[in-house]
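K.L.:
Here is how the chains run, residue by residue.
Number of protein chains: 2
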Amino acid sequence: MSTKTKLDDDARKILEGKNFIFLATVNPDGSPQVTPTWVDTDGHYIFINTAVGRVKHKNVKKNPQVAMAITEQGNPYKLVMIRGRVIEQVTGPEAEGHIDKMAKKYTGAEKYQNRRPGEKRVLLKIEPHHVSRMR
Amino acid sequence: MSTKTKLDDDARKILEGKNFIFLATVNPDGSPQVTPTWVDTDGHYIFINTAVGRVKHKNVKKNPQVAMAITEQGNPYKLVMIRGRVIEQVTGPEAEGHIDKMAKKYTGAEKYQNRRPGEKRVLLKIEPHHVSRMR
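Here the protein sequences line up with chains P and H, keeping their order.
Each residue of the first sequence is one higher than the one before, counting from 0 in numbering that gives the first Met the number 0.
Each residue of the second sequence is one higher than the one before, counting from 0 in numbering that gives the first Met the number 0.
Since the hints were made in silico from the structure, they are not lab data.
Take these hints with a grain of salt, some might be off.
Derived lysine-lysine pairs resembling DSS-like cross-links, with alpha carbons at most 30 Å apart [stated by the list, open to error]: (1) P:Lys17 / H:Lys12; (2) H:Lys60 / P:Lys61; (3) H:Lys77 / P:Lys57; (4) H:Lys100 / H:Lys17; (5) H:Lys57 / P:Lys3; (6) H:Lys60 / P:Lys103; (7) H:Lys77 / P:Lys103; (8) P:Lys77 / P:Lys103; (9) P:Lys57 / H:Lys100.
Could you build all of it, start to finish, from the sequences and the hints given here?
P.N.:
Take a look at the structure:
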């Protein structure tokens, strides 16, 4: 296992692939929460797009510390684990446009298909501070 | 999405399959931790076998609340999420035998191959209290 404080090429590659990341946050009562989600990176930060008011959004507003694990589709032993912190939350046109980019990456569709009436998106910008890799 | 307090047939099936579960725990500093791991079930409880002294073992000794997410290999949209509590920790022959059973399930080998010198296994028995399913 190798450990770094920043994303390396292997971490970038797995994040750029059509792989789901499992994002863990902490609930107000101190219990953990974990869900798989689409993920994006600019090579330095990790971006996760969620809907305003969802559990993970509420949780990171209170406690910005997050942990993530991502494996390669078809190779569950190729694993990257990342601990970090949500340092920015972006809403508005940037977040709305970004969910379409994610839909394109993961489903091939030009637009995100699962938007609910009145839903607002929020883009979580995560700064990694601990990156471990296996295989 | 359907939500129950116990494992239903769909949850059992995905747990019994050769699928990895992502187990989230909470570190002593209040940050979350998440790792993929092999998993077992008897239909009621969830069993996770780890090595004594690993982060997740240390964490659940302090805070037994856990969250888990598991998707089907090859179908990342088939998802079960489980919140629960570690209600028992078993060490000794039962835990040592159980890791061989897990190796058989996931790798086909008769014995667990990655044991480190002096490693002791611990079997975490988890009682689910909130089970959600998508698709």
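K.L.:
Give a verdict on every hint.
P.N.:
Results for each hint:
1. P:Lys17 / H:Lys12: This hinted pair holds, its Cα atoms lying about 25 Å apart.
2. H:Lys60 / P:Lys61: holds (25 Å)
3. H:Lys77 / P:Lys57: Distance ~24 Å between Lys77 (chain H) and Lys57 (chain P) Cα, so the pair holds.
4. H:Lys100 / H:Lys17: It holds: about 12 Å lies between the C-alpha atoms, which stays within 30 Å.
5. H:Lys57 / P:Lys3: Holds: Lys57 (chain H) and Lys3 (chain P) sit about 23 Å apart, inside 30 Å.
6. H:Lys60 / P:Lys103: violated (43 Å)
7. H:Lys77 / P:Lys103: holds (20 Å)
8. P:Lys77 / P:Lys103: holds (24 Å)
9. P:Lys57 / H:Lys100: This hinted pair is violated, its Cα atoms lying about 40 Å apart.
The structure shown violates the earlier hints numbered 6, 9.
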